[in-house]
Amino acid sequence: MRAMVYRGPYRIRVEDKPRPAIEHPNDAIVRVTRAAICGSDLHLYHGMMPDTRVGMTFGHEFIGVVDEVGPSVQTRQPGDRVMVPFNIFCGTCFFCARGLYANCHNVNPNATAVGGIYGYSHTCGGYDGGQAEYVRVPFADVGPSPIPDWMDDEDAVLLTDAVATGYFGAQLGDIGEGDVVVVFGAGPVGLSAAKSSWLMGAGRVIVIDHLEYRLAKARTFAHAETHNFTEHADVVVLLKKLTDRLGADVAIDAVGAEADGNLLQHITSAKLKLQGGSPIALNWAIDSVRKGGTVSVMGAYGPMFSAVKFGDAMNKGLTLRMNQCPVKRQWPRLFEHVRNGYLKPSELVTHRIPLEHIAEGYHIFSAKLDGCIKPLVVPEAA
Amino acid sequence: MAYTQQKPPNPETSGQLRARIPGWGADLDPKDRPAVPKEQFEPHPYGAEWDFPDRQPEERPRERSIEHEFLTPVFGTSCPPHGVSGVIRRTAYQRYSEGRAAHWLLLIAADRVDALESTLRSFASRHPDNPVTETGILSEIKHHGLRSRRGQKRADLIHQPLDPLIVAAPWIIAGVLGYRAVRRIRRSQGSTS
Ligand SMILES: NC(=O)c1ccc[n+]([C@@H]2O[C@H](COP(=O)([O-])OP(=O)(O)OC[C@H]3O[C@@H](n4cnc5c(N)ncnc54)[C@H](O)[C@@H]3O)[C@@H](O)[C@H]2O)c1
Ligand SMILES: [Zn+2]
Ligand SMILES: [Zn+2]
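Going line by line, the protein sequences match chains X and U.
Mapping of the first sequence onto the UniProt record's numbering: residues 1 to 382, in sequence order.
Mapping of the second sequence onto the UniProt record's numbering: residues 1 to 193, in sequence order.
These are calculated hints, taken from the structure and not from any lab test.
Errors might be hidden in some of the hints.
[What the hints assert, rightly or not] Residues of chain X placed beyond 12 Å of chain U at every Cβ, according to the derived structure:
#, residue
1, R81
2, D287
3, L318
[Claimed, not checked] DEER-style ranges, computed between Cβ atoms:
#, chain 1, residue 1, chain 2, residue 2, range
4, X, P354, U, R149, 19 to 29 Å
5, U, N10, X, G341, 23 to 33 Å
6, U, K31, X, T319, 14 to 24 Å
7, X, G311, U, P57, 41 to 51 Å
8, U, R187, X, P354, 43 to 53 Å
9, U, Q160, X, G341, 32 to 42 Å
10, X, K309, U, N10, 21 to 31 Å
11, U, L120, X, F305, 25 to 35 Å
Cβ atoms here follow ideal geometry from the backbone N, Cα and C, with glycine treated the same way.
With the rest of the complex left out, here is chain U (with noise of 0.2 Å):
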């Protein structure tokens, strides 16, 4: 087809769209569509009373982005930083704002020796981390993990068999800092004997 003016005719005309397609065009005009505009002026939605909130209190230091001007009056308790991790965490948010890569590597960073620090600890635990069920490889026999895959053009089988890696890498540090610690262990009680 030449470039022309005209837009190309859809396989179906609007007629044929509303009485093929349940709701076809019932948000046609943008006044039904409630994201329009983007941004509404609408004070005091819901039941907000406040013009700003009571402030939850702060029990233990809380870190938060240099961008902010105080610790917002709501935040979350999930899991206060500890450990390594930690104080690479409070690192991060210390001396970065999230303009800045550094702060966000640094975070990523603090996420995988948590892992390992947790994985580590977990051995101390009554509850050691079990990598068959916590990553739930079992349903692969109950729900067709062959089936799913098997005849199939998908594009992410090639890249499947690294996630075990990753799900290993706790466990391969920790045997190789074992291993290492015991090894030096006996070649200084040789070299002591």
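Excised from the complex, chain X in its bound form (with noise of 0.2 Å):
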């Protein structure tokens, strides 16, 4: 089959690799129709996460048409088109019998620190991703559910990881009616992160970025106000006087690891990897948000220390809400919003790339270009 392998810092090709196989009786072969690249992606094409080997296959937001089953699998058959989580997990562990299934302890050797993802380095499991013709799933009774008859694709994929994300870091904010939210970063999370806060009742979303183009869909997307962070001597200050000088209720990371803004912290973690990630829209995230407010963090960092500005998080009384989502949980009320027209995830797809050419796009997300907001992969057997 042709699959999209990792070759070292930036680079990626399209390989024939061997279809995958069932290595435990419930596994599935899928059959990948639509796969996404997400901004994680982007921290393991830079080389910032550890133990990603050369060889891989990324991708961890996909669906496709189940093609095989192991043995011991009852819920899904061959044929069904199925939406599959991020997440792998067993359904049965301490962790995902309390609906962390971010969490499940039984999918990881690699790290007890994070769960089991697929494509995402051996840090997180070593399983190969969804950017193929074919991919293995383990716990199909589990993980992957059908795809609504009246879901398109394009909503189908990106609530596997991107919109699940948002929706899920707006939830971790706590929002009450009329609370003032910030969200830093307007990729597909932060945009989804904005329009979800509404959902929970937000009085005001504001959303930071320094890309104009996608600062234009927080407008139209989000319905949020915005501000581009490079027009500003301070963003602090500014969101300072946004709020009456309390800060907002509750600030959402949607950066992570890659945050720009300031140059030693994005070199010494981007570039240099001294740092698990560079902490700028977090330490924003704290000393923007008010003193007993609300910080969640939907941006990925590497498992090294980073800079973290934890006194001022101390001395404001902050709570700090995290996680990676746990997709499947999402689900039900996320289906619903969708069907109501509340959230349409689709609109957040720019650019829908042959799986041949997906190194132009990686190249095009990471260096965001062509007003690239979400990039998905489509396979030739698809």
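Starting from two chains that each stand alone, build the complex the way the hints lay out.
Below, the structure is given as structure tokens:
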């Protein structure tokens, strides 16, 4: 089969690889019909995530058709159109039993601090991902769900990660009626978080980024107020001015490890890998939220330490909430919102790239060219 | 505005927002938020019919975190460790827990060695690495590289020129090693003749 393969920082290519096999009785093999490139993939692509091996196939945001099932699989069968949460999870361990599907204890031998994720380095379990024609899907009775008949494929694929994560991020903010919410990052996750904040009853939603075309999307897709941080000497002061000097009630970090806006932080983490991530947006969140407020962290950081302004968080009495999104838990409610037209995930899609051209897709998304917000990958066999 | 008890009013009331934004307030009640509370005990969800899952066979020794009691019942088999990078990876797993910086620094170092080893090995294969196609750099022409940057106040433009250096590193290192090797051979030939 054809599959995207990592070759080293900033380098990927498409290769012939053996079709994945059933390795566990509850595995399924899924033929991928649509995959997406996620902001998290950029952390791998840039060589920031420890134990990212040459030869790995990335891709944790995908949908497809079940092609083959292992002997113990009961609820899925070949031919089922399925959407697959980016979390690999067993359904029955201590953590899964409590709804923490992103933190499953049975799927990642390489690390206990993170669960299993498709195509996301060996630190997340060493599974090949869905930017390929076929993918191995463990625990086929637990993770994948049938795509509802009424749902578009492009909505379904974004519900397996980006949109579910934004929706989750808004929930972790504990938003109350009338709360002022500031979202850092106008990528697919930030845009979804901003839109979802209104569902929770926010009174004001402010989005911060430095890419004008993405801020424009935040105004239309997410009905948000927007500010370009490069136009302000100090974004924290700007946010204090906008909130009568109190600060926002809730701040959401939808940027993560490669944040820009402070060259020293960016270079020491994204380029030199001396930090787990560049916490510029996280520090802005901590400093611009009000005392007693909540910071919700959706941005991903590596497992090493990062220079986070913990003292300010402590002195301000903040609540810090974060996780990888337990995707499947969001679905029933999220499906209602999509069906009611409150959220239209496919509006985020800007590029549809044949698998054979995926190297260009990564460059466009990474360098933020051509108004790119969300690129989808279309395998030949689809 | 003086610092007083009341929360300053928002530009729009809830009623105005509900009228303007489809779905405003649909999840106002925390009971409608699927992630609340964080933990809810709900065993055996979906189609899981096991207490502890079947074990995936361990076809070859699989590295694991020493914080785990045993190899997890399911695991990925994407890229088994190999070469010098493989030795470094196994050391990182065997010696250090996730709590130790050495664990992660060794893995990052192994990643760099892996990229170098793989690039070198590719030169002896039918698919040598090609930095032009693999970086997707030609999309700069087809997808408005210039227009996407010109006249924009983008904060990332200042460090984007560093990226080609990171990409070129394996080629530069391979070139230096190759040059040294050739020179050493020439010298030893010179001293014997
Ligand atoms: N928690 C989860 O489950 C989960 C799931 C998906 C993605 N993520 C993470 O969420 C983050 C965003 O993902 P995405 O797909 O939207 O990525 P993206 O790269 O498309 O978006 C990131 C945005 O942040 C902007 N940005 C950079 N520095 C900034 C700063 N200092 N302040 C404000 N904005 C800044 C960038 O211009 C960009 O628009 C990534 O770190 C990703 O790894 C987490
Ligand atoms: Zn993702
Ligand atoms: Zn589990």
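Do the hints match the structure? See the list:
no.: 1; hint: R81; result: holds (17 Å)
no.: 2; hint: D287; result: holds (18 Å)
no.: 3; hint: L318; result: holds (17 Å)
no.: 4; hint: P354/X x R149/U: 19 to 29 Å; result: holds (25 Å)
no.: 5; hint: N10/U x G341/X: 23 to 33 Å; result: holds (25 Å)
no.: 6; hint: K31/U x T319/X: 14 to 24 Å; result: holds (20 Å)
no.: 7; hint: G311/X x P57/U: 41 to 51 Å; result: holds (50 Å)
no.: 8; hint: R187/U x P354/X: 43 to 53 Å; result: holds (51 Å)
no.: 9; hint: Q160/U x G341/X: 32 to 42 Å; result: holds (38 Å)
no.: 10; hint: K309/X x N10/U: 21 to 31 Å; result: holds (28 Å)
no.: 11; hint: L120/U x F305/X: 25 to 35 Å; result: holds (33 Å)
Going through the hint list in order, the structure satisfies each hint without exception.
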